[in-house]
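Visitor: Residues per chain are reported as follows:
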Amino acid sequence: MTFTALDAWWWPYLFILIGGWLATDFWRFLGVYLGGRISEDSDLLVLVRCIATGLVAAVIANLIVFPTGALATTPLLLRIFAAGAGFLAYLVGGQRVTVGIVVGEAVLGLGMLAMPVL
Amino acid sequence: MNDLESARTVPTEARGRWFLRGVRGALSVPGFILASAFVGFAGLARDAGLTLAQVVFMTGMVWALPAKVVLVGAILAGSSLPAAAFAVALSSVRLAPMVVALTPELRDANTRPWVLYLLSHFVAVTSWVLAMEQLRHVPRSMRTAYYAGLGSTLVVMNMAVVATVFLIAGRLPPLLSAALFFLTPLYFVTSLWGSARERASHLAMIFGLALGPVFHVVTPGFDLLAAGLLAGSGAFASHLLWRRRRGA
Chain A
1 MTFTALDAWW
11 WPYLFILIGG
21 WLATDFWRFL
31 GVYLGGRISE
41 DSDLLVLVRC
51 IATGLVAAVI
61 ANLIVFPTGA
71 LATTPLLLRI
81 FAAGAGFLAY
91 LVGGQRVTVG
101 IVVGEAVLGL
111 GMLAMPVL
Chain B
1 MNDLESARTV
11 PTEARGRWFL
21 RGVRGALSVP
31 GFILASAFVG
41 FAGLARDAGL
51 TLAQVVFMTG
61 MVWALPAKVV
71 LVGAILAGSS
81 LPAAAFAVAL
91 SSVRLAPMVV
101 ALTPELRDAN
111 TRPWVLYLLS
121 HFVAVTSWVL
131 AMEQLRHVPR
141 SMRTAYYAGL
151 GSTLVVMNMA
161 VVATVFLIAG
171 RLPPLLSAAL
181 FFLTPLYFVT
191 SLWGSARERA
201 SHLAMIFGLA
211 LGPVFHVVTP
221 GFDLLAAGLL
231 AGSGAFASHL
241 LWRRRRGA
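Chains as they are written, first to last, in the working numbering: chain A, 1 to 118; chain B, 1 to 248.
To be clear, the hints were calculated from the coordinates, so they are not data collected in a lab. Heads up, a few of these hints could be off.
[Said to hold, decoys possible] To give a feel for the contact side, a few chain B residues facing chain A, derived at Cβ under 7 Å:
#1 Met58
#2 Ala85
#3 Pro185
Where a beta carbon is used, it is the ideal one built from N, C-alpha and C, also for glycine.
Could you put together the complete structure from these sequences and hints?
Guide: As structure tokens, then:
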């Protein structure tokens, strides 16, 4: 049952409701229910946080290495270099997200302008 | 007068005023960065073949950006509904501890549970960070009103951003649309690092960045789960090792 499996107009919305809404608000509601009952420092939560962080990082890496759309026409090395430069600038520039975004985008833009193929 | 009475006699205008202050809190630098990241997301969703209505619906219902990126990724990969739901659920586990941390700050003695369940829907990295910063300056009985203003504004604002970008993205020059698509990974590679609570999470992020593309080639369709599980348990193992060494 993939996103495009059924031709009915409501199927994509049901897919988003179950695959998206239920899968996220379940955790939010559980969080309210548990309230102060769970210790934020328990080892189980550290493990859970680590897996979640690793998973989101894998998503980010795949967006950079295997992009779609206009990004797919740029060289892989340029994307990795631009993302790395943005991340380094973020670390050096006092961990401000804006700094990382501006530097990363500038490197990508300059690289694209420098490539005559594009 | 005890807490219960004082809460009942709070005039509605006061709640309205604090709601508006929450609205103003959303129109800030973090709110602007979030909107830029949604610009990138709208481009991604458009490329994945989703319609305008579907993307706006997804923004309102799912809200958390990493979860939406994973969901669109699953749609792109042709995953089945259970596989997509599982991947999204696994990427959103972090929401539970975030809500656990926020709930005691939000409520007072007579906050009704349904209000907290409703407000928890607005929890995502940006609104959570803003709330944890600002709530201490808000009178306790006004905190739910403040967070309702903050959270709902962020959601509605970004539904509008997504709709606007969706309509114009096809007409942008390649350089600009490439730059827009690049916003999402850049925003997350930095804010994910910033939101990590312990060294192990930083390690998990580095492992995940390295393993994601590898598993994309080795085990397509199962790549996110495999990378997340391996990166997370590896980082957790080193967390246990560090602690043992410190304890010894």
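Visitor: The structure should be examined with respect to each hint, and the outcome stated for every one.
Guide: Comparing the hints with the structure gives:
Here the hint on B/Met58 is kept, as its CB sits about 5 Å from the closest CB of chain A, short of 7 Å. At a threshold of 7 Å, the smallest CB-CB gap from B/Ala85 to chain A is about 4 Å, leaving the interface hint in force. Satisfaction of the interface hint for B/Pro185 is found here, the shortest Cβ-Cβ separation to chain A being roughly 4 Å, below the 7 Å cut-off.
In terms of the numbered hints stated before, the structure departs from none.
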